[in-house]
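Engineer: Listed below, chain by chain, are the residues.
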Amino acid sequence: MEYVSPEGLRLDGRRPMEMRQIRAEIGSVSKADGSAIFEMGNTKVIAAVYGPREVQNRSQQISDRALVRCEYSMANFSTGDRMRKPKGDRRSTEISLVIRQTMEACILTHLMPRSQIDIYVQVLQADGGTRSACINAATLALADAGIPMRDLVTSCSAGYLNSTPLLDLNYVEDSAGGPDVTVGILPKLDKVTLLQMDSKLPIDILENVMQLATEGCKAIANYIREILLENTKQLEYRRGS
Amino acid sequence: MLHNKSFVKKTKGGKVMKQVREHYLRDDIYCGAPSCTVCDTSNARLSASPSTILVLDTNVVLNQIDLLENPAIDDVVVLSIVLDEVKNKNMSVYNRLRAICNNSMRKFFVFSNEHHRDTYVKEMSGETKNDRNDRAIRVAAQWYQKHLGSAVKVLLVTNDKENKRKASEEGICAETVESYVKSLDRPDLLDLLVRPSSEDVDMEEVEDHRPSKRKVIYSEHKPMSEITSGLHRGIYHQGKLRVNRYNPFEAYVGSESIGDEITIYGRSNMNRAFDGDIVAVELLPQDQWQGEKSLSIAGEEDEDEDEEVHLAPNSADVAPRTIPQQGSSREINAGSSRPSGRIVGIIKRNWHSYCGSLEPMPIPGGNRGVAYALFVSKDRRFPKIRIQTRQLENLLDKRIIVSVDSWDRQSRYPSGHYVRTIGDIGDRDTESEVVLIENDINSRPFSAQVLACLPPLPWSVSSEDLSIPFRQDLRHLRVFSVDPPGCKDIDDALHCYALPNGNFEVGVHIADVTNFVFPGTPLDDEASQRGTSVYLVERRIDMLPKPLTEDVCSLRSDVERLAFSVIWEMTPEADIVATRYTKSVIKSAAALSYVEAQARMDDSRLMDPVTTDLRNMNSLAKKMRLRRIERGALTLASAEVKFQIDTETHDPLDIGMYQIREANQMVEEFMLAANVSVAQQILKSFPLCSLLRRHPTPTREMLEPLLRVSAAVGLNLDVSSSKALADSLDLAVGEDPYFNKLIRILATRCMSQAVYFCSGDLSSPEYHHYGLATPLYTHFTSPIRRYADVIVHRLLAASIGISKLPPVFQDRLQLTSISDNLNYRHRNAQMAGRASVELHTLIYFRKRPTDTEARIVKIRSNGFFVFVPKYGIEGPVYLTTRAEKGSGEWYVDEQEQKIKKMDGSISYSILQTVQIHMEVVEPQPNRPKLQLTLI
Numbered sequence: 001m002e003y004v005s006p007e008g009l010r011l012d013g014r015r016p017m018e019m020r021q022i023r024a025e026i027g028s029v030s031k032a033d034g035s036a037i038f039e040m041g042n043t044k045v046i047a048a049v050y051g052p053r054e055v056q057n058r059s060q061q062i063s064d065r066a067l068v069r070c071e072y073s074m075a076n077f078s079t080g081d082r083m084r085k086p087k088g089d090r091r092s093t094e095i096s097l098v099i100r101q102t103m104e105a106c107i108l109t110h111l112m113p114r115s116q117i118d119i120y121v122q123v124l125q126a127d128g129g130t131r132s133a134c135i136n137a138a139t140l141a142l143a144d145a146g147i148p149m150r151d152l153v154t155s156c157s158a159g160y161l162n163s164t165p166l167l168d169l170n171y172v173e174d175s176a177g178g179p180d181v182t183v184g185i186l187p188k189l190d191k192v193t194l195l196q197m198d199s200k201l202p203i204d205i206l207e208n209v210m211q212l213a214t215e216g217c218k219a220i221a222n223y224i225r226e227i228l229l230e231n232t233k234q235l236e237y238r239r240g241s
Numbered sequence: 001m002l003h004n005k006s007f008v009k010k011t012k013g014g015k016v017m018k019q020v021r022e023h024y025l026r027d028d029i030y031c032g033a034p035s036c037t038v039c040d041t042s043n044a045r046l047s048a049s050p051s052t053i054l055v056l057d058t059n060v061v062l063n064q065i066d067l068l069e070n071p072a073i074d075d076v077v078v079l080s081i082v083l084d085e086v087k088n089k090n091m092s093v094y095n096r097l098r099a100i101c102n103n104s105m106r107k108f109f110v111f112s113n114e115h116h117r118d119t120y121v122k123e124m125s126g127e128t129k130n131d132r133n134d135r136a137i138r139v140a141a142q143w144y145q146k147h148l149g150s151a152v153k154v155l156l157v158t159n160d161k162e163n164k165r166k167a168s169e170e171g172i173c174a175e176t177v178e179s180y181v182k183s184l185d186r187p188d189l190l191d192l193l194v195r196p197s198s199e200d201v202d203m204e205e206v207e208d209h210r211p212s213k214r215k216v217i218y219s220e221h222k223p224m225s226e227i228t229s230g231l232h233r234g235i236y237h238q239g240k241l242r243v244n245r246y247n248p249f250e251a252y253v254g255s256e257s258i259g260d261e262i263t264i265y266g267r268s269n270m271n272r273a274f275d276g277d278i279v280a281v282e283l284l285p286q287d288q289w290q291g292e293k294s295l296s297i298a299g300e301e302d303e304d305e306d307e308e309v310h311l312a313p314n315s316a317d318v319a320p321r322t323i324p325q326q327g328s329s330r331e332i333n334a335g336s337s338r339p340s341g342r343i344v345g346i347i348k349r350n351w352h353s354y355c356g357s358l359e360p361m362p363i364p365g366g367n368r369g370v371a372y373a374l375f376v377s378k379d380r381r382f383p384k385i386r387i388q389t390r391q392l393e394n395l396l397d398k399r400i401i402v403s404v405d406s407w408d409r410q411s412r413y414p415s416g417h418y419v420r421t422i423g424d425i426g427d428r429d430t431e432s433e434v435v436l437i438e439n440d441i442n443s444r445p446f447s448a449q450v451l452a453c454l455p456p457l458p459w460s461v462s463s464e465d466l467s468i469p470f471r472q473d474l475r476h477l478r479v480f481s482v483d484p485p486g487c488k489d490i491d492d493a494l495h496c497y498a499l500p501n502g503n504f505e506v507g508v509h510i511a512d513v514t515n516f517v518f519p520g521t522p523l524d525d526e527a528s529q530r531g532t533s534v535y536l537v538e539r540r541i542d543m544l545p546k547p548l549t550e551d552v553c554s555l556r557s558d559v560e561r562l563a564f565s566v567i568w569e570m571t572p573e574a575d576i577v578a579t580r581y582t583k584s585v586i587k588s589a590a591a592l593s594y595v596e597a598q599a600r601m602d603d604s605r606l607m608d609p610v611t612t613d614l615r616n617m618n619s620l621a622k623k624m625r626l627r628r629i630e631r632g633a634l635t636l637a638s639a640e641v642k643f644q645i646d647t648e649t650h651d652p653l654d655i656g657m658y659q660i661r662e663a664n665q666m667v668e669e670f671m672l673a674a675n676v677s678v679a680q681q682i683l684k685s686f687p688l689c690s691l692l693r694r695h696p697t698p699t700r701e702m703l704e705p706l707l708r709v710s711a712a713v714g715l716n717l718d719v720s721s722s723k724a725l726a727d728s729l730d731l732a733v734g735e736d737p738y739f740n741k742l743i744r745i746l747a748t749r750c751m752s753q754a755v756y757f758c759s760g761d762l763s764s765p766e767y768h769h770y771g772l773a774t775p776l777y778t779h780f781t782s783p784i785r786r787y788a789d790v791i792v793h794r795l796l797a798a799s800i801g802i803s804k805l806p807p808v809f810q811d812r813l814q815l816t817s818i819s820d821n822l823n824y825r826h827r828n829a830q831m832a833g834r835a836s837v838e839l840h841t842l843i844y845f846r847k848r849p850t851d852t853e854a855r856i857v858k859i860r861s862n863g864f865f866v867f868v869p870k871y872g873i874e875g876p877v878y879l880t881t882r883a884e885k886g887s888g889e890w891y892v893d894e895q896e897q898k899i900k901k902m903d904g905s906i907s908y909s910i911l912q913t914v915q916i917h918m919e920v921v922e923p924q925p926n927r928p929k930l931q932l933t934l935i
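Residue numbers (this note's numbering), protein chains in the order written: chain A, 1 to 241; chain B, 1 to 935.
Incorrect hints may appear among the rest.
[To be verified] Straight-line Cα separation of at most 30 Å, BS3-like style, residue types lysine-lysine; simulated pairs: (1) Lys348(B) to Lys89(B); (2) Lys182(B) to Lys107(B); (3) Lys200(A) to Lys804(B); (4) Lys129(B) to Lys146(B); (5) Lys684(B) to Lys200(A); (6) Lys900(B) to Lys870(B).
Honestly, the hints are just simulated from the structure, not real lab data.
As the structure is a prediction and not an experimental result, all values here were calculated from the model.
Construct the complete structure from the given sequences, taking the supplied hints into account.
Structural biologist: Right, here's the structure in full:
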């Protein structure tokens, strides 16, 4: 299967180093303390954050820092075949854990002892790269909720098909079975908080692919920062100061 | 830069599903004209100031690819939509088109119109996919015209009438291929044109040249939907058509649905199918099943077509695998219980180009030189092909290549078009070329990119090579090579030292080809495509360029060369105590031929070190061989012949069977051992991606012909295991010395070939190599002439940790496709070698009609096949002539494998010795053949 034509175009018309179009929207769930929708091409994810609030289950309370919980799910309508997806299957448990750990790493939990932060992410439409989109949405929602963080966390994936590193795989490219590297970074601190890979890749190529994914993360970080800035300006305007 | 656009597509994946894919439209796709002022011209491919730019329609590419390959057609824009459509319809045309687009000499530019902002068209409601694509092509053509201005004429070349009409309406210049080529004023190009089938071109352009034959000859092919449902309901049977090599009117379809071979007699039952097509067959009612004897081709009007032969094929790949039930009474013919059928539809065509010549005909006067001629393929399995030519006088005495385009119901023969000329008929070089083309062997010189990968010449071992830590300096060892005389590509050398503890150190040194051929380079790609060197009688087609083959890699004597060595410590009983693998530098002390090595070993006066080494090795090899045979390795035989070629004229002077000496066996033994050791090593390190070689155990069914023959001559063969077979083959000694070899040759033919495979694709019991009786085997010892060995070298180097495994090995699919290609190339190389031998046999006997002794190897209803041991030739001998066909004078006794005359006066039995006369005759012009007759 030819995923990159000799003319250098991918199946959907992107070049290997190009991301899909991204779009973000803050405050889409008014009941939540913070929420966001994040789109990467046809992948669409909604995130809602509740907290910091009192710990619901006292036994889980941690005395010196906040408890972070995360629940990931996929809407039944998110893929073409309207299959009923059991909640809590292995895949979503794993992704929940990944998101929780990634977010926990940047939330200043020690500032909010004996409290709980809930992050809910749901995939509304899946077209590859849901993991990255969830993390990006969660970052926005956390920022919207005003939860103190070290830095933004942004994530992007990259793959390697037809001997070419490809940024931001879509569903077709993802299901090719090639390597799929998901990277999450703290852009300002320039630190990696998440690194996952499916399949395998020679070590020297992994570096290239990872580099590419990191570049993608940085681009997303710039966009997210713009969105947040815009949102803050609007809040300021609404307050009328 | 990005323009997002989602569109909706429905695809079938068992069920209808809606799929949404993103489709980005761009503004950075350029037009490819260097003169363009708006676009980025760095990747421009078209010429600087073209007068005309061609935009091709899909049907033109699909049908006229031979024309496009001609360098006269240039400045072509290939739209991505056209590429996509071609890819879906015909992969081989797609690959050829891609090759043209990648060729830097040609001015073909691929324009990604589907992702260009201005040329993307959205499907309109009610519009079919085809219409939408046609519109996309027109829009792109229009865009080009507007983009490049009036200085350049953009011409849409299409053979679709509707498309052409619409294009003209929209103000695009459009022409058919015919009119465009005519405007070029190149008569030779016109020959390359595929004549359009009647629908797409106005009727007046097609002159009806055969009014009398405008009647329907063949029945109509069933539509695909009917075939599919018929296959489901079991009234049709699907299979690949294989035409009998000796009788083009008889073909077989191996059908899985009835688990039997269906025989198809006659051209009308074959219904325009070609050899290799996937067809749907309908069984005839049982009373129409024809026995071999009653086979009549009187219905065919081609008197000249071929003499009819009832002889069934000789090679296992063509022969029907069914065993005719033994008829007890004489009236039932052997073949009458075999199902016969007729073809109702063709599921997949296997048309390609064919080599042959034109049927001699008078040159017609007038008519502007346009003539219709019949093309006769060299391979008898294919029917004649009607072509149209304007250069008849040039082509009559030439070997040419012709492509098939269509075969409609009204014409007896398929129609095709001329592709190119190879050379004069009968010329040895031309005929050799034909052999190469028929076997799909690339004999073109290596391209500049490939040659650029060679190390600087003259090459010698440098101090850098020596300073690499993993390369061991073995120059002090007394290494020598033993090869056939005149061998220039020496890829193996040996050494053998007695160790102080009484053991021997034996080393096999293989040319270190991977030191020069790096993965991913054009050189590597080319070698992997070629797969193997091809040895014809008078020439060799190299896998690697000549400097590598004959000099840099070749382990010649008295020069330092890089090698990959396998070094064993062996006990005097030839048990391997230790094995080690290393890259090395060696200096061969002597390059011996088999004859020389044998002479040295036999000459008891010689006591020089090399001879002593040889003797030591020989004694080790004998023990290894013995052990191998005890394990059940088969000693098979093939009818290899050797020509003595006149050095001046290159004509064959003499032929004889290839003689195998002890020295050959000695070298072979060590090579086998090295291969086995390496196979173990690489499989241990890379259980999922090693390239190994296996030889499947033959089924009892496959061995049936052998058993029948042996039973007839009173021999009891035990085929329960390879060991049992080997033993009973050893016991099969007849009254004459050749008997045993003959039985072995027959046994060899019953077996399938050994094949390469990727270890991840099969489970380990399937790795078994039946013929060598070893659980693991691979090819390591001839990297100069086999690509498999190059791969194995890389695996071995990675497994001993001196280099990294190239990324190809991560990709199982790619590895499998490489091994498939290797098997294909390997088989073709063998076929080409055989065809070349056949060709030279013909040349040899042309001047020397000979009487000789032959053995009967196969009995048929109207004759038998004989094998001529002296020349390694096999061929049919007819007992009945054409005139008295089917007279029933002879009958076959299946049980005893005899053919008897009705009155019982004469009978011939299998393996009997007969005297025959061999002569080259030409029953049909330009198709000489060796005829064998009884005396």
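Engineer: Does each hint hold? Answer for all of them.
Structural biologist: Cross-check of the supplied hints:
no.	hint	in the structure
1	Lys348(B) to Lys89(B)	11 Å, holds
2	Lys182(B) to Lys107(B)	21 Å, holds
3	Lys200(A) to Lys804(B)	15 Å, holds
4	Lys129(B) to Lys146(B)	26 Å, holds
5	Lys684(B) to Lys200(A)	20 Å, holds
6	Lys900(B) to Lys870(B)	27 Å, holds
Checked against the numbered hints above, the structure breaks none of them.
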